[in-house]
Amino acid sequence: MSSPGQFDITAAIARIDGKDKAAGRAVYIGDVDYRSALTARYYRSPFTRGTITKLTVPPLPPGYYWIDHRDVPGHNGIALIKTDLPAFAVDEIRYRGQIIGILCGPDAEEVDRLLALVAVAYEAKEAAVTLDEGLSCKGGAMAGTDNIYADLNLSHGDTDAAFASAARIVEGVYETGFQEQLYMETQGLVAVYDPCAGDAGGTVTIHGSMQCPYYVKHAAEEVLGDAVSVRVMGSPMGGGFGGKEDYPEIMGAPLAVAALVVGRAEPGRPLRMLFDRTEDMAFTSKRHPSRARIRTAHGANGELLAIDSDILLDGGAYETYSLIVLMRAVFHSTGVYNVPSARVRGRAVATSTVPSGAFRGFGAPQALFGIEMHMEKCARAFGVEPLSYRERFFLKRGDRTVTGGTIHETVILDRLIARIDELSGYRARRETYERAQSAWNGPAAGRATRRGIGISVFNHGAGFTGDGEQRIIKGRASLRKRADGVVEILTAATEMGQGPTTTFRKVVGAVLGIAPEAVVVAEPDTGVVPDSGPTVASRTIMIVGYLLQEAAKELREIWVDGKEQTVTRAYEMPPGLAWDQDTLHGDAYACFGWGVNVCEVEFDPVSYEVKIIGAWGVYDVGRAIDERVVNGQIQGGMSQALGYAALEKLAVDGEGRFMQRTMADYIVPTSLDFPRTGAATIDNPYAYGPFGAKGMGEMVHDGGHMAYAAAVEQAIGKDCPRIPLVPETILEIVHDED
Amino acid sequence: MKIEITVNGTRHSLEVDPLRRLLDILRDDLGLVGTKEGCGEGECGACSVIMDGKLVNSCLIPVAQCENADVTTVEGIAASPRGEIITTSFANMHSAQCGFCTPGMVMATEALLRRNPDPGEQEIREGLAGNICRCTGYDMIVDGILDAAKRGKGI
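Sequence lines, in order, name chains A and B.
Note that my numbering has the first sequence beginning at 1, numbered continuously upward.
Note that my numbering has the second sequence beginning at 1001, numbered continuously upward.
For the record, the hints were derived by calculation from the structure and aren't laboratory data.
Mixed in with the good hints, there may be bad ones.
A few chain A residues facing chain B, derived, Cβ under 7 Å [said to hold, decoys possible]: (1) 22; (2) 23; (3) 239; (4) 429; (5) 497; (6) 501; (7) 566; (8) 675; (9) 680; (10) 732; (11) 733.
The following residues of chain B were derived to be distant from chain A, with all beta-carbon distances above 12 Å [to be verified]: (12) 1004; (13) 1013; (14) 1028.
Far from chain A, by Cβ distances over 12 Å, these chain B residues were calculated [stated by the list, open to error]: (15) 1115; (16) 1125; (17) 1130; (18) 1155.
Heads up, the beta-carbon is just placed ideally off N, CA and C, and yes, glycines get one too.
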């Protein structure tokens, strides 16, 4: 036993899962030998919107099964925030590909052949595929009377008076598109019903690729009712990025029902459902597209007096998570700025597309794009360099947040900016390119490439919004010291690449004076581990890691050699925070991570292609538990954000189908697209995170897209208020004479 | 049809449907599940193996083309001296996050280091151009390969 701090917690160690992953020894769900498993596939709606009038299922050979809503013993709804999405469609269809039934059997080809014989007759309704079609209730309202899932309003100060007396008003509209998570491992689950396992009614066990085993358990319990028990086991994930937060529930609940039906006939026979890439891209949830209209009132010298912001999110055909994605969007809509008065509205709109869902950032990347591109516009309006314009209004400790809470931490944006300027040379290059503008835009302008450099400044509320940790999640984490002295970490946190199987061990090992490699991490199996909450919302290291740190301190105190000892810690809200969920007033987040990104580009005026020639990210993550884990998040997250901005076009056709169907169509960054990302952090320890760590997994996707768009704006000398900025979009912008 | 195929140095005589993919033969028939399927259309490189000295996407190869072929998978590389160095460097430099693309990245690294035991960053990036990683932004994969090349000099 030794005291904490035996090793430098930030100094990188080898990833503990790294070697097995590199050697091909990590076992993902598709690698598990379920030799006796039946192949299960969905029958999905072949039409976009309307009513099923007749369902025809072909006669099935022995050993083949059809399962639909009539087989659901509990409630036929997916338990997410809302349960409005049916597990199996009954008669109403709201999007192409909505799940109607499951067909399963021993031979995959036979399952496919039979699936092709299933048919529905239907009465079609007109689809509403865009935000505007959703808002105008094209084809009639599908959600409520107005197609609005949620309408959130915040205000403080006298915004109307500020606009009435403003010397100048700046107004803009900012749009972001769909984004596909494109985790490399597609969705996959195995479910099995054993009538003899567990309690009286038997147990349905679900095993697979998921961020949140207890969420999947909850969703399966909703459809199965009280008759059976549910156990859920997470396997190592080949990437998640939010895409395995809500979808494994949407996928797993119907599969649990199918497992029950099959298991009654063939006890213990597993069902395996692995999506191919085409099914995964076409039907799993994407990032919400957005459109924000922002107006700001200014004094004569550019002072920021008031903001009036209205953001729309495209929620798709069912509400699922849209309310909470919208909350995060609205709570981030004024960015890092202290605004004397504000009126912010956010609405999530129903449309006839796949329900939008969780994706790293969860509404913040959309809202932050709006406010940061608007700050660029304000700076241009007042003829000043955009960073120095922004700096006048930065939040500092003690300032009011948009929800009427308080910034509790010391804000170190000045130091982050000094560091990124050192790394990127932003200020000097910005000025150089500004001076070159006249030549580029003058009569001598030719085919020579042009450059631009852009910056974005942002924060991200770490952990669940409001009092969700205390009111809903109530996370618990345990440490078990075995009699042989080996310490085991018991949490429901899942490893999707973000590193908890390394960083948790470092935290516990550092407190107990044990080598991290000697600490054991239990598989996230609801039959074994306590519910430490979902692996989402940048909460894993900050919330669960803190519980582990505190449990390790307690274990250190009570440690007795040769004896098994277990310590469990439950979440307690840090003191000094207040939140009212009804009025959305107070501290929406216990603390914030802060970041600054710079992107430098070269624009080719002949091909309209933009080459990213520099990318930097500097962050306040509290304290990095492992420098390479954190820098790996920064580099990877910024790569996704730059892809979102520059490459990743995902559009829908008039029937609400995604037009990019394969990895050949949906373009994500390759090793040649972007230069090495300069990544750095500056310590600013947080008292309620382990060793001072704050959440950071999402904020790395919060700023790259704005820095890129700002850089393109400088290079082409035009506003770029929408992403993705692919060459054809830039061509339109360049040739738009306003 | 019946084919003869050598995988990681072991000769197999297999009765197969000639249109099945090499990827499925490796994973389902031979139990070599280190080779992953990311897209099934040759875009992502997760299924990379070395066949007769060339880096190929095993999802695009009908097994009929593999008669008498010599195939090396990640399991074979990991067991080799250079594979030991590559996989250790990948762990040390955090080249793997979720790990799903990583076996393919290791195969691309092996193919690259066979051609050039001391590649520079640009050459490494070109060598990885057929392999998609969604987690790392590639920088730490490049670091892993630079480290492997340095530590593996002479192997």
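For each hint, the structure was consulted:
1. Of the supplied interface hints, the one on residue 22(A) holds, with its beta-carbon coming within about 4 Å of a beta-carbon of chain B, less than 7 Å.
2. The beta carbon of residue 23(A) comes within 4 Å of a beta carbon in chain B, closer than 7 Å, and the hint placing it at the interface holds.
3. Of the supplied interface hints, the one on residue 239(A) holds, with its beta-carbon coming within about 4 Å of a beta-carbon of chain B, less than 7 Å.
4. With a least beta-carbon distance of about 21 Å to chain B, the hint placing residue 429(A) at the interface is violated under the 7 Å criterion.
5. Below 7 Å, beta-carbon pairs count as interface contacts, and residue 497(A) has one with chain B at about 3 Å; its hint therefore holds.
6. Because the closest C-beta pair between residue 501(A) and chain B is about 11 Å apart, greater than 7 Å, the hint is violated.
7. Interface restraint check for residue 566(A): the shortest CB-CB distance to chain B comes to about 30 Å, outside 7 Å, so the restraint is violated.
8. The criterion of a C-beta within 7 Å of any C-beta in chain B is not met by residue 675(A), whose closest approach is roughly 9 Å, and the hint is violated.
9. Because the smallest distance between the Cβ of residue 680(A) and any Cβ of chain B comes to about 13 Å, over 7 Å, the interface hint for this residue is violated.
10. With a cut of 7 Å, the hint placing residue 732(A) at the interface with chain B is violated, because the nearest CB-to-CB distance is about 28 Å.
11. Below 7 Å, beta-carbon pairs count as interface contacts, and residue 733(A) has none with chain B, the closest being about 27 Å; its hint is therefore violated.
12. For residue 1004(B), the requirement that its beta carbon stay farther than 12 Å from each beta carbon of chain A is met, with the minimum near 24 Å.
13. At the 12 Å boundary, the C-beta of residue 1013(B) stays outside the reach of chain A, the nearest C-beta of that chain being 22 Å off.
14. For residue 1028(B), the requirement that its beta carbon stay farther than 12 Å from each beta carbon of chain A is not met, with the minimum near 10 Å.
15. Every CB of chain A is more than 12 Å from the CB of residue 1115(B) (nearest about 16 Å), matching its label as outside the interface.
16. With a least beta-carbon separation of about 4 Å from chain A, residue 1125(B) fails to lie farther than 12 Å from that chain, contradicting its non-interface assignment.
17. A beta-carbon of chain A comes within 12 Å of the beta-carbon of residue 1130(B); the shortest separation is about 8 Å.
18. Even its closest Cβ contact with chain A, about 17 Å, leaves residue 1155(B) beyond 12 Å, as expected for a residue assigned away from the interface.
Checked against the numbered hints listed earlier, the structure breaks hints 4, 6, 7, 8, 9, 10, 11, 14, 16, 17; every other hint is satisfied.
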